[in-house]
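> Listed below, chain by chain, are the residues.
Protein chains: 2
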Amino acid sequence: MSATTDRALSALDKNLDASLKRLFELVSISSISTDPAYAKDCRRAAEWLVKDLESIGFTASVRETKGHPMVVAHHPGPDERAPHVLFYGHYDVQPVDPLDLWENDPFKPAVREADGRRIITGRGSADDKGQLMTFVEACRAYKEVNGSLPCEITILFEGEEESGSPSLKPFLEANAGELKADFALVCDTGMWDVETPAICTGLRGLVGEEITVKAASRDLHSGLYGGAAANPIHILAKVLADMHDETGRVTIPGFYDGVDETPPDILKMWQGLSGRPESFLKDIGLSIPAGEKGRSVLELTWARPTAEVNGISGGYAGKGFKTVIAAEASAKVSFRLVHRQDPKKIREAFRAFVRERIPADCTVEFHEHGSSPAIQLSYDSPLLNTAKAALDEEWPKKAVMIAMGGSIPIVGDFQSFLGMESLLVGFGLPDDRVHSPNEKYELSSFHKGQRSWARILAALAEARAAGRLPG
Amino acid sequence: MSATTDRALSALDKNLDASLKRLFELVSISSISTDPAYAKDCRRAAEWLVKDLESIGFTASVRETKGHPMVVAHHPGPDERAPHVLFYGHYDVQPVDPLDLWENDPFKPAVREADGRRIITGRGSADDKGQLMTFVEACRAYKEVNGSLPCEITILFEGEEESGSPSLKPFLEANAGELKADFALVCDTGMWDVETPAICTGLRGLVGEEITVKAASRDLHSGLYGGAAANPIHILAKVLADMHDETGRVTIPGFYDGVDETPPDILKMWQGLSGRPESFLKDIGLSIPAGEKGRSVLELTWARPTAEVNGISGGYAGKGFKTVIAAEASAKVSFRLVHRQDPKKIREAFRAFVRERIPADCTVEFHEHGSSPAIQLSYDSPLLNTAKAALDEEWPKKAVMIAMGGSIPIVGDFQSFLGMESLLVGFGLPDDRVHSPNEKYELSSFHKGQRSWARILAALAEARAAGRLPG
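Heads up: the protein sequence lines correspond to chains A and B, in order. Under the working numbering, the first residue of the first sequence carries the number -14, and numbering increases by one thereafter. Under the working numbering, the first residue of the second sequence carries the number -14, and numbering increases by one thereafter.
Please note that a few of the clues may not be correct.
No distinction is drawn between identical chains; accordingly, a pair holds when it is met within one copy or between any pair of copies.
Claimed, not checked - Straight-line C-alpha distance at most 35 Å; calculated DSBU-like pairs for lysine-lysine:
hint : residue 1 : residue 2
1    : Lys165    : Lys383
2    : Lys329    : Lys51
3    : Lys154    : Lys165
4    : Lys199    : Lys382
5    : Lys128    : Lys(-1)
6    : Lys199    : Lys223
7    : Lys223    : Lys330
8    : Lys278    : Lys329
9    : Lys199    : Lys304
10   : Lys128    : Lys199
11   : Lys36     : Lys304
12   : Lys128    : Lys165
13   : Lys304    : Lys329
14   : Lys330    : Lys199
15   : Lys267    : Lys199
16   : Lys267    : Lys253
17   : Lys199    : Lys253
18   : Lys278    : Lys36
19   : Lys304    : Lys223
20   : Lys223    : Lys278
21   : Lys304    : Lys330
22   : Lys267    : Lys93
23   : Lys154    : Lys93
24   : Lys154    : Lys51
25   : Lys267    : Lys278
26   : Lys253    : Lys278
27   : Lys329    : Lys199
28   : Lys51     : Lys278
29   : Lys93     : Lys199
30   : Lys278    : Lys304
For the record, the hints were derived by calculation from the structure and aren't laboratory data.
Using the sequences plus the hints, can you model the full thing?
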């Protein structure tokens, strides 16, 4: 390890408390992107990041979109030969309801002890504020002790990742020249376990869709009309129940077009990963894999597509009882895509599937909630191998290559709009409860995550200097 | 018609404005029984009724129950030979949500013009405050001009009819001696059309049930867990979709035990009723009967049982999108019963049906929301024939015998606890939007309803005096 890297790592150790204070400031901003009521908070988070990046020496600005703003920042490298990386993260967070299930205020972050481990609590502590700040802190420390950064760095922070990234593609297209780098670093994924870092090479895509079934022109008394008037909840329930067959397979025609069977050697590698498959369901109070029969939990969540209902509503759901037949009923449905599934075709196939099941005197309305194709990255590239070696140095166990069930739309866009390979390294853990009450981020993830980025940036610069990393 | 009746009818005509003012006072009290937040308003409505009945000369009181109070009032007859009637109504109303669909404040009643007809607007204007006040006003006018009432009258007003009447049976049992009369008059039903009064001889029963399916111990990220973790909305949708087969028949085993086929002559009589069957669905924006195939709309709503989902909720239903797999999902389900269907057996059969469809690692909880058996009254009795003749005199068209899709639990209880025959006469109309936004009551229903009760009370006394009405 070089002296410059060593100094940066020491500075990160020394500055941990100060870095936590900064993270707390960011987490305390309730930047919930999906709810328009929090638009101002989203902007505040963007402004906070600009100010913080400027304090490190970045040229940073809040950049307007039709939705929540982007943050773009630039810092030159030490010389023209240094690699140019684009780092991506998102400052927006998920809603916090049901609020009463939180043990601590989601927007008053703190470090707490839990089962002998130290954790950072709060909405966004992991997804993605804690993660993106690991990179920012690595830059800060490196710059502080060495006066420069090892690479030329462009930063892009998005504010709509949790609501389908509607502004992302237009922004990339409009700013392609400014954002193009040698490759992209994305910090929004997880580790295998608390000691084992991971590089993610597969990501499921996403299609979000909201459907509203409308029947009678008004809510009806179920006594007067029950048995003769169409009930939109029944129609919706039938549609949703029809989406899966007895084997857990999705029944929408053409749904599996472009889905590959996972190669046997990859399945074998996943079978060799110890610990999580057994506890994966147990940790959440379940025991029976619910999806396609005959496939492992890792395969189901990493390499198979899904159709999931994320929300449903209709009729009277308050206290007590109301004998009403609702005028309409709604569901939010998302599809996780793998391999070459086409988001547009999936959405169209779903809509046709639904329309076929709507009685002639009823109607259905569709509302689109974003989409992204799945990503399959290389298992073996100079970028990946360089980063893997740097992670191997930092953590107790060697880095593993994994896939991920969630979507990170940006990765496909980086490939298609900017022609860049992405490296997906993140320090989340399976029990971080992202998108749920009591989200947390491991303190060790935050600290060793910072150290990992310092090592990776230095290693990329060294690899470039040694001719091992093409530009 | 006797001079006493004539005087009462004239007084009702003269007092219409004053009677409207009183009704408005009662409708303006938001006595929503199903929501505990309105408990005080329910009590206020009961107290208002006691005061009003006392002003007529009734001995009236608010009577405590475990839930909302009852109102009981007594007024002696003119002599010992006069018939003794028990009049029943309910002062509680349905919730008003969605409030934004109301054209006028639901608790600020008014008389308005609509399509050339004069209507009274407000929650409870029809169901059941407007209806019960037709009887109270008839008593007031008769007493005012004649100094006495034609019958001995006991009044029972309930405050939990819209929430399953949990206190009713215990109250009837505990007060059977006080409440027993020769027969019961119930004003909670409708007319055939605006010119044609109706006597209801069949009422569907009701079983209300809430189910909550629980899967994972917390809400999950659909990317991390989707495809492997059980989704309670899927399980619930499957259960609800399974409840009906392709022909619209309910599939719960034993559900049709005790259901009779309607006699051909009755079906023929219903086929002869003009006007409503054609417009029944059209009025609510529909055109295709949704229930069991091959049966008329009248048969479906009057003489066939149903299983209807009245409300469903689970996951994220707010604005935007949240890629969550919910920990639980709930539905409120009601069953309309006919003939000899046993509410207890229906509830048990439904629960077994649901439990069979819950995966072994998930759970389901049931919450009971009241029940009542169906009622089938005689098509031909001295009570019914006396009332029918009185209605024939008041209205432009002759009274018809109909059935009703809704439940009025009290009727069965009057039969089983007090051994009383009930007469079901009401002045609601199919377009009154009871249980929906913009509930209204026809001004002609309110006025001629008052006159109808004055005629019926007088006719019952005359029939008793002439030996045509046994006690």
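> Give a verdict on every hint.
These are the hints, each one checked on the structure:
1. Lys165 <-> Lys383: This pair counts as within: shortest intra-copy Cα distance 31 Å, inter-copy 84 Å.
2. Lys329 <-> Lys51: The answer is within: 22 Å in one copy meets 35 Å, while 57 Å across copies does not.
3. Lys154 <-> Lys165: within (14 Å within a copy, 76 Å between copies)
4. Lys199 <-> Lys382: Classified as neither; 55 Å inside a copy, 37 Å across copies.
5. Lys128 <-> Lys(-1): within (14 Å within a copy, 93 Å between copies)
6. Lys199 <-> Lys223: both (14 Å within a copy, 20 Å between copies)
7. Lys223 <-> Lys330: both (22 Å within a copy, 26 Å between copies)
8. Lys278 <-> Lys329: Within. Shortest intra-copy distance 27 Å satisfies the 35 Å Cα cut-off; inter-copy 38 Å does not.
9. Lys199 <-> Lys304: both (24 Å within a copy, 18 Å between copies)
10. Lys128 <-> Lys199: This pair counts as neither: shortest intra-copy Cα distance 59 Å, inter-copy 51 Å.
11. Lys36 <-> Lys304: between (47 Å within a copy, 31 Å between copies)
12. Lys128 <-> Lys165: within (23 Å within a copy, 92 Å between copies)
13. Lys304 <-> Lys329: between (40 Å within a copy, 23 Å between copies)
14. Lys330 <-> Lys199: both (25 Å within a copy, 33 Å between copies)
15. Lys267 <-> Lys199: Between copies only: 15 Å across chains, 39 Å inside a chain, cut-off 35 Å.
16. Lys267 <-> Lys253: Classified as within; 22 Å inside a copy, 61 Å across copies.
17. Lys199 <-> Lys253: between (48 Å within a copy, 33 Å between copies)
18. Lys278 <-> Lys36: Cα proximity of lysine 278 and lysine 36: none, with 51 Å in one copy and 68 Å across.
19. Lys304 <-> Lys223: Both. Shortest intra-copy (25 Å) and inter-copy (24 Å) distances satisfy the 35 Å Cα cut-off.
20. Lys223 <-> Lys278: For lysine 223 and lysine 278, both the intra-copy (22 Å) and inter-copy (18 Å) Cα distances are at most 35 Å.
21. Lys304 <-> Lys330: between (41 Å within a copy, 25 Å between copies)
22. Lys267 <-> Lys93: within (30 Å within a copy, 55 Å between copies)
23. Lys154 <-> Lys93: within (33 Å within a copy, 52 Å between copies)
24. Lys154 <-> Lys51: within (12 Å within a copy, 61 Å between copies)
25. Lys267 <-> Lys278: For lysine 267 and lysine 278, the Cα distance is within 35 Å only inside one copy (18 Å; across copies 46 Å).
26. Lys253 <-> Lys278: Within. Shortest intra-copy distance 18 Å satisfies the 35 Å Cα cut-off; inter-copy 54 Å does not.
27. Lys329 <-> Lys199: Intra 24 Å, inter 33 Å, cutoff 35 Å: intra and inter.
28. Lys51 <-> Lys278: Close neither inside one copy (43 Å) nor across copies (51 Å); limit 35 Å.
29. Lys93 <-> Lys199: For lysine 93 and lysine 199, the Cα distance is within 35 Å only across copies (30 Å; inside one copy 42 Å).
30. Lys278 <-> Lys304: Between copies, since 34 Å is at most 35 Å while 38 Å is not.
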